[in-house]
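A.B. asks: Chains as they are written, first to last, in my numbering: chain A, 1 to 398; chain B, 399 to 788.
Check each hint, because a few of them may be wrong.
[Said to hold, decoys possible] FRET-style restraints, in silico, Cβ to Cβ:
| no. | chain 1 | residue 1 | chain 2 | residue 2 | range |
| --- | --- | --- | --- | --- | --- |
| 1 | B | E753 | A | D369 | 28 to 38 Å |
| 2 | B | T428 | A | G123 | 42 to 52 Å |
| 3 | A | I132 | B | A635 | 20 to 30 Å |
Just so you know, these hints were derived from the structure itself, not from any lab.
Since this is a predicted model, take the numbers as computed values, not measurements.
Beta carbons: idealized from backbone N, C-alpha and C, even for Gly.
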Amino acid sequence: MAAMLQSVGVASISFPLSEHSTKLPAFAVCSLPVIRSERSSISDSIHGTRRIGKIITKAVTAQAENSASAASKPGHELLLFEALREGLEEEMDRDPRVCVMGEDVGHYGGSYKVTKGLAKKFGDLRVLDTPIAENSFTGMAIGAAMTGLRPVVEGMNMGFLLLAFNQISDNCGMLHYTSGGQFTIPTVIRGPGGVGRQLGAEHSHRLESYFQSIPGIQMVACSTPYNAKGLMKAAIRSENPVVLFEHVLLYNLKERIPDEEYLLSLEEAEMVRPGEHVTILTYSRMRYHVMQAAKTLVNKGYDPEVIDIRSLKPFDLYTIGNSVKKTHRVLIVEECMRTGGIGASLTAAINENFHDYLDAPIVCLSSQDVPTPYAGTLEEWTVVQPAQIVAAVEQLCQ
Amino acid sequence: MAQLTHRSANLLKPISAAVFATRGLTTASTTPITVETSLPFTGHKIDPPSRSVETTPQELLSFYRDMALMRRMEIAADSLYKAKLIRGFCHLYDGQEAVAVGMEAAITKKDCIITAYRDHCIYLGRGGTLLETFSELMGRKDGCSKGKGGSMHFYKKDSGFYGGHGIVGAQIPLGCGLAFAQKYNKEEHVTFAMYGDGAANQGQLFEALNMAALWDLPAILVCENNHYGMGTAEWRAAKSPAYYKRGDYVPGLKVDGMDAFAVKQACKFAKEHALKNGPIILEMDTYRYHGHSMSDPGSTYRTRDEITGVRQERDPIERIRKLILAHDLATEKELKDTEKEVRKEVDEAIAKAKESPLADPSELFTNVYVKGFGVESFGADRKEVRAVLP
Chain A
1 MAAMLQSVGV ASISFPLSEH STKLPAFAVC SLPVIRSERS SISDSIHGTR
51 RIGKIITKAV TAQAENSASA ASKPGHELLL FEALREGLEE EMDRDPRVCV
101 MGEDVGHYGG SYKVTKGLAK KFGDLRVLDT PIAENSFTGM AIGAAMTGLR
151 PVVEGMNMGF LLLAFNQISD NCGMLHYTSG GQFTIPTVIR GPGGVGRQLG
201 AEHSHRLESY FQSIPGIQMV ACSTPYNAKG LMKAAIRSEN PVVLFEHVLL
251 YNLKERIPDE EYLLSLEEAE MVRPGEHVTI LTYSRMRYHV MQAAKTLVNK
301 GYDPEVIDIR SLKPFDLYTI GNSVKKTHRV LIVEECMRTG GIGASLTAAI
351 NENFHDYLDA PIVCLSSQDV PTPYAGTLEE WTVVQPAQIV AAVEQLCQ
Chain B
399 MAQLTHRSAN LLKPISAAVF ATRGLTTAST TPITVETSLP FTGHKIDPPS
449 RSVETTPQEL LSFYRDMALM RRMEIAADSL YKAKLIRGFC HLYDGQEAVA
499 VGMEAAITKK DCIITAYRDH CIYLGRGGTL LETFSELMGR KDGCSKGKGG
549 SMHFYKKDSG FYGGHGIVGA QIPLGCGLAF AQKYNKEEHV TFAMYGDGAA
599 NQGQLFEALN MAALWDLPAI LVCENNHYGM GTAEWRAAKS PAYYKRGDYV
649 PGLKVDGMDA FAVKQACKFA KEHALKNGPI ILEMDTYRYH GHSMSDPGST
699 YRTRDEITGV RQERDPIERI RKLILAHDLA TEKELKDTEK EVRKEVDEAI
749 AKAKESPLAD PSELFTNVYV KGFGVESFGA DRKEVRAVLP
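Please construct the entire structure, taking both the sequences and the accompanying hints into account.
C.D. replies: Right, dumping it as structure tokens:
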């Protein structure tokens with residue numbers, strides 16, 4: 001395992017893209033670059049150790065070697081929904097089989113403007129305005145994927161995809177298996193979810209927990225414009241069905257992203273802030289609550305390590321494990337429901353695999369098991385607030 | 399014609415080629431014969447096609463053989479299920495063979511077919527072999543889905559057969575998706591999305607139909623109306639059992655599903671229509687002799703008299719047999735020999751399938767994810783390698 005963690009200088013790339021890790025670190029610079037290689041050559045079999053292959057396809061927030069050159073990379077500033085659109089547009093330009101289906105994605109431009117302007121550019125068939133029939137248009141997307149098209153299905157709100165649950169679970173997730181490998185379903189199912197600003201119970205779903213047991217799908221959650229674009233592109237290129245969870249409140253985040261093309265790995269977590277005292281695992285909007293709490297914690301003398309897990313299925317237990325081995329304390333902060341949520345699965349996975357390294361029980365802060373109320377104050381107390389995170393860390397580090 | 403020869407060649411063994419060759423050559427197998435369908439077609443918002451169907455002796459004989467093979471296969475599957483070699487659910491198609499055979503005669507392998515769980519014979523019609531069928535039913539490695547799908551999950555990608563689906567009605571939106579892809583890729587092919595009278599009450603059917611009609615997708619929805627949704631008769635489940643009319647703005651055609659030539663004519667007609675005008679619904683009036691599945695005796699909700707009545711009056715194989723004898727294309731003995739041959743073929747396939755190995759335990763983790771773009775499936779923990787993906 002120790003052999004895995006090596007710094008690789010320049011990778012020889014046989015992949016059309018160049019690897020980029022030029023994101024300006026927002027927080028402390030990591031002294032140890034964590035580089036992972038994803039592609040290994042096909043002929044080698046793996047016997048319990050991971051080989052370092054040639055291609056580096058992921059980018060991590062902090063790169064020591066690039067910190068000098070990072071400031072000089074111009075990039076361009078944009079909002080998260082624009083980043084998603086850029087990723088989608090680039091993929092649609094690159095591959096004529098990529099198409100978008102969803103309610104109001106075409107002429108209206110998407111209810112969160114993610115597909116704005118695409119219908120004019122690519123035509124009505126490639127950016128398809130569907131009637132309000134989630135079950136069947138998701139089914140249609142899967143049928144089209146069986147023939148080789150690469151549809152991107154947009155749920156106007158993730159919660160509406162509950163109507164398509166049978167199609168997503170049985171056909172999307174399982175067809176590759178039940179057909180003995182004959183069909184691949186390269187769909188991307190995306191949409192905004194999460195608790196917004198007083199949207200009410202039925203429009204504040206966190207479906208990560210509902211979808212996580214479906215075999216055959218991958219789930220990722222984006223949280224910054226940088227990872228939104230990278231994950232969108234990687235999801236479209238993946239041969240597996242991917243569910244991309246966006247968050248209603250994060251669409252207007254602004255960030256500077258590279259001009260060059262880049263993809264992120266779908267199975268990797270992001271090291272947001274390296275630290276020594278406690279590992280805080282989070283994803284999507286809670287990342288920002290955690291970082292806010294981190295400021296308070298740093299002032300109080302704690303040094304939290306914050307990891308945005310990004311990949312909700314499968315978990316990146318490699319990055320997480322290394323962090324646990326370093327800090328020996330874990331706090332999970334999520335927006336999912338307490339019962340059967342991502343945090344619950346993650347707690348089980350960490351306990352199973354890294355029990356010996358833990359000095360304290362894993363603390364999991366999640367949303368309350370209630371339908372999200374309309375009233376503002378009540379809604380605030382449904383999700384985890386920074387004050388609670390600070391209290392939990394203090395408790396954990398005693 | 400070449401397509402028919404190829405298809406028959408798939409199912410024919412060398413010894414039987416001699417039987418057909420003698421007849422075929424002497425009677426000029428491609429001379430057209432005109433056959434009248436048993437009943438006229440009924441149209442909904444469309445002019446039905448004519449009752450006269452062009453066919454050839456070769457086609458008649460191949461229909462007979464194909465249907466006899468399908469019938470034999472289903473009956474053999476019945477015995478295998480009772481011997482506990484096939485487990486779980488097994489939905490048999492005997493009685494409905496004319497739909498599968500007639501449809502194949504009207505289309506090419508580039509047209510797509512998608513159906514529900516009563517898929518064994520359609521798989522065979524699309525070019526599947528008996529060995530793959532029986533192996534899959536018995537959960538062996540040589541099955542069409544490597545033993546991982548079972549009776550309800552037969553697929554054959556290279557000949558446009560998209561399955562094989564267990565959830566009632568879920569295949570209809572998939573079928574419209576196939577038609578969407580055909581339109582997207584500007585192919586001149588159609589998709590036949592098949593479902594039963596039970597599924598005809600599913601909401602997703604009407605959602606998918608709306609979208610297909612909206613975008614003029616080349617989708618043909620085929621309702622195989624065998625009059626019973628498991629144990630519920632159609633008049634107890636549907637306010638309007640005229641399934642061909644339920645498309646409302648989408649034209650429909652009611653076809654006698656026990657007459658292979660009526661099916662052939664209707665499918666040909668539907669294909670032409672769909673390529674020009676968008677979706678059309680075909681209702682095949684057919685019947686299944688077995689119960690809904692092997693767990694259903696099939697006699698608690700219908701009388702034995704009804705079943706034997708249909709078998710005597712409307713059996714699809716009998717109809718073809720009478721046509722062959724009437725046109726003097728083969729003798730009784732030759733037809734009996736064909737049936738014996740078919741029986742032998744099926745028995746041999748079963749024997750071979752029984753020898754096929756069971757799926758390997760390592761296959762448990764293969765094909766969950768597709769290896770591509772660097773995905774290696776280890777399960778949640780990357781330390782432990784569960785399976786090396788192919």
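A.B. asks: Now, for every hint given, state plainly whether the structure supports it.
C.D. replies: Here is how each hint holds up against the structure:
1. E753(B) / D369(A): 28 to 38 Å: 54 Å, violated
2. T428(B) / G123(A): 42 to 52 Å: 45 Å, holds
3. I132(A) / A635(B): 20 to 30 Å: 26 Å, holds
This entry does not satisfy hint 1, going by the numbered hints stated previously; all others are met.
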